[in-house]
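Those protein sequence lines, which keep their order, are chains A and B. Counting the first sequence from 1 gives a position; the working numbering is that position plus 915. Counting the second sequence from 1 gives a position; the working numbering is that position plus 3.
What you were told as hints is all true, and nothing was included just to trick you.
Think about it this way: if two alpha-carbon atoms lie no more than 25 Å apart in a straight line, the pair counts; the simulated SDA-like pairs of lysine to any residue are:
#1 K153/B x M1110/A
#2 K74/B x G970/A
#3 K216/B x V249/B
#4 K216/B x E191/B
#5 K1267/A x E150/B
Far from chain B, some chain A residues (derived; all Cβ distances over 10 Å):
#6 V921
#7 V930
#8 G1002
#9 L1005
#10 P1069
#11 G1080
#12 A1086
#13 A1168
#14 P1211
#15 L1229
#16 M1246
#17 L1259
Hints in this document: simulated from the structure, not taken from any laboratory. Backbone N, C-alpha and C define an ideal beta-carbon position, used for all residues, glycine too.
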Amino acid sequence: MQRYAVNVLFCAAAVALVGLAQAGMLDKYVLTIITFMGINCIFAVSLNLVNGYMGEFSCGHGGFMCVGAYTGSLLSVAFFTNSKLFGPALFPPELAPFLFPLVLIGAGSVAALFGLIVALPSFHTRDDYLAIITIAANYIIISVVENIDAIGGPRGFSGMRRVVGAMSDVADVPWMLIWTIVGLFVCVMTIYRLMTSTYGKGISAVCQNEVAAEIMGVDTNRVKIMAFMVSSGLAGLSGALYAHVYGYVNAQAFNILKSTEGLVIVYLGGMGSISGVLLAAIAFTLLVEALRFVMPWLNDILHAANLLPAGYELSQVWKWVIIPLILILLMQFRPEGFLGNRELTQVFPRLKRWITLK
Amino acid sequence: MPLLEITGLTKRFGGLQALSNFSFSMGERELVGLIGPNGAGKTTVFNIVSGFYRPTEGSIVFRRQLLNGLKPHRVTSMGMARTFQNIRLWNDLTVLDNIRLARYARLDYGFWDAVLRTGRYRRAEKAVETKAREVLELMELAEYAGEFPKNLPYGLQRRVELARALAGNPRLLLLDEPAAGLGSVDVEGLIRHIRWIYDEFKISIWMIEHQMKVVMSLCQRLSVMDFGCAIAEGTPEEIRRNPEVVRAYLGDGAL
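Produce the entire structure from the sequences given, and follow the hints as far as they go.
Structure below.
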């Protein structure tokens, strides 16, 4: 039984979270933060497959999240609501909670296909040059989406709130929190299982010595396609969840800044460590939110200590000075991130007694 | 029918003629050496045969199939394996994983099997694991299964690379300077190991080697290259006495 402790804990925490939200004991703000934490986890863990395990530097991960967000939104609006764009709903809205996984799968699959934009050039390009291609892919995706007027263009696209509403009409539970937990579970299990199989270790082989990989019978091109598609597919999943939590998507929300956020989380947690990246995603989301409250305090303290001129108020913008500063310090003193390329169970071997991952 | 037949192999890199009209043939169960001074084109031959370079001209036939233009992983899956002059192991994967990955080309499951942990996945992984442990056992590496190659001494790293090459069940093994960087004690061990591999696995071996002691004591036949051409072929005794070889490679007072 002991070996299942962490697994049971995860399930218990998930159930408790949903229970608390259901009982109305979490206010809407906290609930949203927790949901975004999960979405950031999916986004960062999927980026980790390429940047951590495969050793390529993808800086355009936000683009795939964008594809997933739009695909998911369009699918769910077409499926469950009457809209100007798609006409009457394809399915009765009562089916929304049951068919929503189809929306997520659709979003993931389309995003995975877009992953080919990066996967195909990666056959002959690598490192810095491939990084530039990923940035280009990010820009291309966003400009294309922004220029399709039918889906809102630069105004963005909405209507997903009605779908979430339709789900709540069937059963009044915090649906998006539940889907995010399910999505996170699927994402972590997919990557964990992939990377513990000989098939998936082909990715590590390509990363550590591509020549040896090719000569030992690893079809390196296929491995790259697989890694990029899985990675961008899961980013698409996070995008679809994001779109439904917000109820509104706008292509600019997935620009290079979003991609950078993913990079920051991955480097914070340690490349090639699922548990490290999960911790970092949680810490990062909390940090961004906590600073929102810390800034006014800091303002008061600095004023009390007469360190700030009387007329100057410390605004929230300073948050984006403090967070990069933390990053600089981290890179100086612990460049490998929280856990390096090791998992929690390797840093604390005793944990193994409490956990069963298969 | 020879195992490997190379005819008229030529390779030009831009204006540089790295290899001109090189022909070679070897049969099953042969242990042949390829020697020559630095820059003679020996490794180029290996790189073309194993699929890294496309030949400019000429043909390579391995087990009755034309290899020209096949990618390295395809060549490997046809039953050829090689090691490198400078060791190329995956340093952040354990020794066991290094060996397991040599079975990659034979994995009969795909992405979804790995993620859903299907029966097919379990069976295949079990077979891979058994095979890898068996090879480690045979190569006297079992105790290092959980180590990372980067933490092993050089001689052991060479042996791991050899084990990895053998794990794919090759018919032909290409060894690119297996004794490079080894001390004299390790060289003795290597000679024993290669002979034992040759007998135990019933394969053919084609090796590039600079250390005369290794080729002279192991190879039944030698071919000599200089400036991208084959200049001589014969038993070690014949090569030792061939004046052209002595001049080109061994130097006047070498033997």
